[in-house]
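Protein chains in written order, with the working numbering: chain A, 1 to 348; chain U, 1 to 348; chain Y, 1 to 348.
Certain hints may be false.
To be verified - When the alpha-carbon atoms are kept at most 30 angstroms apart in a straight line, the in silico DSS-like pairs for lysine-lysine are as follows:
id, chain 1, residue 1, chain 2, residue 2
1, U, 95, U, 260
2, A, 174, U, 95
3, Y, 95, U, 135
Hints are computed from structural coordinates only; laboratory data are not their basis. As the structure is a computational prediction, the values presented were derived from the model and not from experiment.
Okay, here's what each chain looks like letter by letter:
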Amino acid sequence: MAVVKIKQGYQEIDDAIQSSVITKVKGTAVTNTSESGLLVWGPEEYVIPPQGEDVLFVVTSFLETPNQKMGYCAEVRTFLLNGHCSVDEDCKKGKMVESGHGVMSGKCIRNNEKSNGTCEIFGWCPTEKNIKPQKPLLKNAENFTIYIKNFIQFPKFSFSKSNILKTTDQSYLKKCRYDEKQYPYCPIFRLGDITRRAGCNFQDMATLGGAIGIVIQWDCDLDKGTSHCNPEYQFTRLDATVSNKSIATGFNFRHARYFKNAAGESYRSLYKVYGIRFHILVYGKAGKFAIVPLVVNIGSGLAVMGAGTFFCDIVLLYLTTGKKSYKDQKFEVLKYEKQHTSTDVDIS
Amino acid sequence: MAVVKIKQGYQEIDDAIQSSVITKVKGTAVTNTSESGLLVWGPEEYVIPPQGEDVLFVVTSFLETPNQKMGYCAEVRTFLLNGHCSVDEDCKKGKMVESGHGVMSGKCIRNNEKSNGTCEIFGWCPTEKNIKPQKPLLKNAENFTIYIKNFIQFPKFSFSKSNILKTTDQSYLKKCRYDEKQYPYCPIFRLGDITRRAGCNFQDMATLGGAIGIVIQWDCDLDKGTSHCNPEYQFTRLDATVSNKSIATGFNFRHARYFKNAAGESYRSLYKVYGIRFHILVYGKAGKFAIVPLVVNIGSGLAVMGAGTFFCDIVLLYLTTGKKSYKDQKFEVLKYEKQHTSTDVDIS
Amino acid sequence: MAVVKIKQGYQEIDDAIQSSVITKVKGTAVTNTSESGLLVWGPEEYVIPPQGEDVLFVVTSFLETPNQKMGYCAEVRTFLLNGHCSVDEDCKKGKMVESGHGVMSGKCIRNNEKSNGTCEIFGWCPTEKNIKPQKPLLKNAENFTIYIKNFIQFPKFSFSKSNILKTTDQSYLKKCRYDEKQYPYCPIFRLGDITRRAGCNFQDMATLGGAIGIVIQWDCDLDKGTSHCNPEYQFTRLDATVSNKSIATGFNFRHARYFKNAAGESYRSLYKVYGIRFHILVYGKAGKFAIVPLVVNIGSGLAVMGAGTFFCDIVLLYLTTGKKSYKDQKFEVLKYEKQHTSTDVDIS
Numbered sequence: 001m002a003v004v005k006i007k008q009g010y011q012e013i014d015d016a017i018q019s020s021v022i023t024k025v026k027g028t029a030v031t032n033t034s035e036s037g038l039l040v041w042g043p044e045e046y047v048i049p050p051q052g053e054d055v056l057f058v059v060t061s062f063l064e065t066p067n068q069k070m071g072y073c074a075e076v077r078t079f080l081l082n083g084h085c086s087v088d089e090d091c092k093k094g095k096m097v098e099s100g101h102g103v104m105s106g107k108c109i110r111n112n113e114k115s116n117g118t119c120e121i122f123g124w125c126p127t128e129k130n131i132k133p134q135k136p137l138l139k140n141a142e143n144f145t146i147y148i149k150n151f152i153q154f155p156k157f158s159f160s161k162s163n164i165l166k167t168t169d170q171s172y173l174k175k176c177r178y179d180e181k182q183y184p185y186c187p188i189f190r191l192g193d194i195t196r197r198a199g200c201n202f203q204d205m206a207t208l209g210g211a212i213g214i215v216i217q218w219d220c221d222l223d224k225g226t227s228h229c230n231p232e233y234q235f236t237r238l239d240a241t242v243s244n245k246s247i248a249t250g251f252n253f254r255h256a257r258y259f260k261n262a263a264g265e266s267y268r269s270l271y272k273v274y275g276i277r278f279h280i281l282v283y284g285k286a287g288k289f290a291i292v293p294l295v296v297n298i299g300s301g302l303a304v305m306g307a308g309t310f311f312c313d314i315v316l317l318y319l320t321t322g323k324k325s326y327k328d329q330k331f332e333v334l335k336y337e338k339q340h341t342s343t344d345v346d347i348s
Numbered sequence: 001m002a003v004v005k006i007k008q009g010y011q012e013i014d015d016a017i018q019s020s021v022i023t024k025v026k027g028t029a030v031t032n033t034s035e036s037g038l039l040v041w042g043p044e045e046y047v048i049p050p051q052g053e054d055v056l057f058v059v060t061s062f063l064e065t066p067n068q069k070m071g072y073c074a075e076v077r078t079f080l081l082n083g084h085c086s087v088d089e090d091c092k093k094g095k096m097v098e099s100g101h102g103v104m105s106g107k108c109i110r111n112n113e114k115s116n117g118t119c120e121i122f123g124w125c126p127t128e129k130n131i132k133p134q135k136p137l138l139k140n141a142e143n144f145t146i147y148i149k150n151f152i153q154f155p156k157f158s159f160s161k162s163n164i165l166k167t168t169d170q171s172y173l174k175k176c177r178y179d180e181k182q183y184p185y186c187p188i189f190r191l192g193d194i195t196r197r198a199g200c201n202f203q204d205m206a207t208l209g210g211a212i213g214i215v216i217q218w219d220c221d222l223d224k225g226t227s228h229c230n231p232e233y234q235f236t237r238l239d240a241t242v243s244n245k246s247i248a249t250g251f252n253f254r255h256a257r258y259f260k261n262a263a264g265e266s267y268r269s270l271y272k273v274y275g276i277r278f279h280i281l282v283y284g285k286a287g288k289f290a291i292v293p294l295v296v297n298i299g300s301g302l303a304v305m306g307a308g309t310f311f312c313d314i315v316l317l318y319l320t321t322g323k324k325s326y327k328d329q330k331f332e333v334l335k336y337e338k339q340h341t342s343t344d345v346d347i348s
Numbered sequence: 001m002a003v004v005k006i007k008q009g010y011q012e013i014d015d016a017i018q019s020s021v022i023t024k025v026k027g028t029a030v031t032n033t034s035e036s037g038l039l040v041w042g043p044e045e046y047v048i049p050p051q052g053e054d055v056l057f058v059v060t061s062f063l064e065t066p067n068q069k070m071g072y073c074a075e076v077r078t079f080l081l082n083g084h085c086s087v088d089e090d091c092k093k094g095k096m097v098e099s100g101h102g103v104m105s106g107k108c109i110r111n112n113e114k115s116n117g118t119c120e121i122f123g124w125c126p127t128e129k130n131i132k133p134q135k136p137l138l139k140n141a142e143n144f145t146i147y148i149k150n151f152i153q154f155p156k157f158s159f160s161k162s163n164i165l166k167t168t169d170q171s172y173l174k175k176c177r178y179d180e181k182q183y184p185y186c187p188i189f190r191l192g193d194i195t196r197r198a199g200c201n202f203q204d205m206a207t208l209g210g211a212i213g214i215v216i217q218w219d220c221d222l223d224k225g226t227s228h229c230n231p232e233y234q235f236t237r238l239d240a241t242v243s244n245k246s247i248a249t250g251f252n253f254r255h256a257r258y259f260k261n262a263a264g265e266s267y268r269s270l271y272k273v274y275g276i277r278f279h280i281l282v283y284g285k286a287g288k289f290a291i292v293p294l295v296v297n298i299g300s301g302l303a304v305m306g307a308g309t310f311f312c313d314i315v316l317l318y319l320t321t322g323k324k325s326y327k328d329q330k331f332e333v334l335k336y337e338k339q340h341t342s343t344d345v346d347i348s
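In isolation and in its complexed conformation, chain A is listed as follows (with noise of 0.2 angstroms):
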């Protein structure tokens, strides 16, 4: 009966949990850089999306690229070899640069006559820089914090609850961090204490950005009640894999503000941004006791135990010293039996 202690086989399984996240960001951070200046950040502009997703981005660092217009520029050097030219007829006039900015206008823009240069495109000029952060802008980031507000059912049982627990202390929810000792189940997480408890260092990460899980795990025996079914949170690096890290660590990707100026002509600022991005994973089963796969259980347990005085018998006939002794017990019987019949058929 094994299988039915350990493996809780008396409980009907519910692991198709449903659940809704919303989440909600609060904090403020500034920056002070040569193309923009001197800026307040708020949530509404380093959430992105700003609707409160279960999967949201954190801006931690950012290129402002102002004002491109579309035009003629020179294509923005690369470590591909894509764009670049010596003479003009590199560039084939209508052309994409591959993985590059624009098309082709059919000119190779160098510096002077021996160096090698970039071909000319047509696109958003002036190019982006190609330059990478070497800290984070956005350092008080780190003192961000989200609400995660979770809802769940396990349909089977019709039962729901949510991660935000009962509370009479309207300020709690205002005040409490996460703490997998002191407030197991505050709802609200600082960044940085994210990082951490997922084994990285913040203004590392932040630096050229990454992708953070947040794992609210329901494990729920609904024979001990409601109060006893309750989230625990882990946290993991979801980009830091087992293959290269050059290459798959890190996360960014631009957006990009249209403007219009008095003559009506678009122009553009251009934003990457680099940053966490924070993906909210909920996964859960409840028990609660049924007894058709306690039946199925200790029906095969039996099937088993049965087996096994099976297996004993061969191990005492076949396999032990002395076998005699109890093959005459056990056929004894049965020996009987065989000498009358032969005896009842010589009568008659």
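Given the structure of chain A, go ahead and fit chains U and Y onto it with the hints provided.
Frame of chain A; chains U and Y shown alone:
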């Protein structure tokens, strides 16, 4: 065999449903506020994000703070004490206002010598007014409709289906509205009906916002044929939990639109939007006859039946009155054999 | 024991795979339309949303309605009869045009006395033209590439892996393109190849848009070791269903960019974008040897075998010809016992 019959133990189950959801909201609303004037709202404005995800937010009320610029202004008064001050020393220059809107300039702004005030900050000014909406501004949101396209697959049985049923009537999908009795398979839902089915009043919910779950359940007995595999819709409120409602309920977030003036200076309009978040959750499983689970369950069943007889014997032998008679009958033969064998031994 | 062997009944299964997906699209396209002029498109413009989700939309065609302002204009003519009128009375002042673009002003706008017209509305004017694209504008979208990073975990076995395999060749991930035969583990996919593998022609699909599912399947026998646990990619069209294609297929939505003129008046450019929606779906399960399922399955197996002998008897006794002989042998002993017991009775 109850196990087999009731739990359909003769079927192989695939509960790894593969699902993809596309949504499209339709409707128009008019608002008239002092800040924003007379506005007509289309889906491209009130649905966030606009690209038809399975999680979508519909704006029902909003608060615009137009023409914010980076500059100096007084921090907003909140019931939290951050940024409150009586003398300049309370506003440490360069320090952030906790859960505030900027960085302190070192000045304390007060109406008069005696009164308390708030610290002056550098940030997006003027700061947003701290007022809660009393009623939804997009009243007509109740009449908006969501068109939900859900495509599912059960890979184990390579079975796929959509919630949009075959129809010859082109205009059916333009006119129909979901109704559990009349049109249980119409994929177009009126927002007001959704909230009603979830047990909420739309206008109440629309004032401060909320979250609704639309569960699409697929329970398919593929032995009965495709036409018996149909979606079932359920509606639940996701933010009203057992926990403290005043904290858990309501849903809003901020987003901004950025502009530049002729001088190239940035300014923005900040929107605090309240609304209802719809989360379409798809669950389901399919069953199909298969020999393996049948064998396993029958096996267990038989083993249990075997155990049954064994237990009966125990009861009759040791727990019932008048055991003897039963014992006699059960062991008569055996008894007899014992005698005989002894006599045989005598003879020889 | 077939159950055990075939269904790997000796393994414990973890099908609660934990997955996180990050995507990055690369490529450039040029469009030239009368409304928008010559435009170069980068990922920051044609990928919606830009932040690398597991659901991403790639613009393949678009219709721009530039410089819309809040004002009065004629409602657009659609095959629906909403907003059509012959006299002013048909346009009730203040009433919404159902699935239209604004609120009626009470006027009916007609070319001449005899013809029918449409109601004048207050809303974003001019209204969008009601034209369908005949061919995709971003033709080069076929050559865009998606880089998919998928990180998975099987918590029960605390096993984690990424779809980006170990590599010493730095530039491999820059050059490789997925190919089920040649490069089955390259995580970079050309859009044209994806649609082809899903059985669609890219340019056809790109005209009115569509939805594609990229399924990443992880079926891991962890007894065989990590290197045998690899992703498998499948591609399916998600919108072309058994149901009425003309209704179900095609995918588009609208979004707007907002501007303000020198006078501070708002105006916007409305974009109706057609494109292909890619949904990356991750599924999988892992198996590892464990004693419990082995016991359960063997148990059931044995029980069934026991039942087997029983059924054989039934057959031989009652369904076969020449039953007697078999019956005799089976019940010989029993018969004999019967006689004897009777004689015993005689004696006494």
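> Failing hints, ascending?
Replying inline: none
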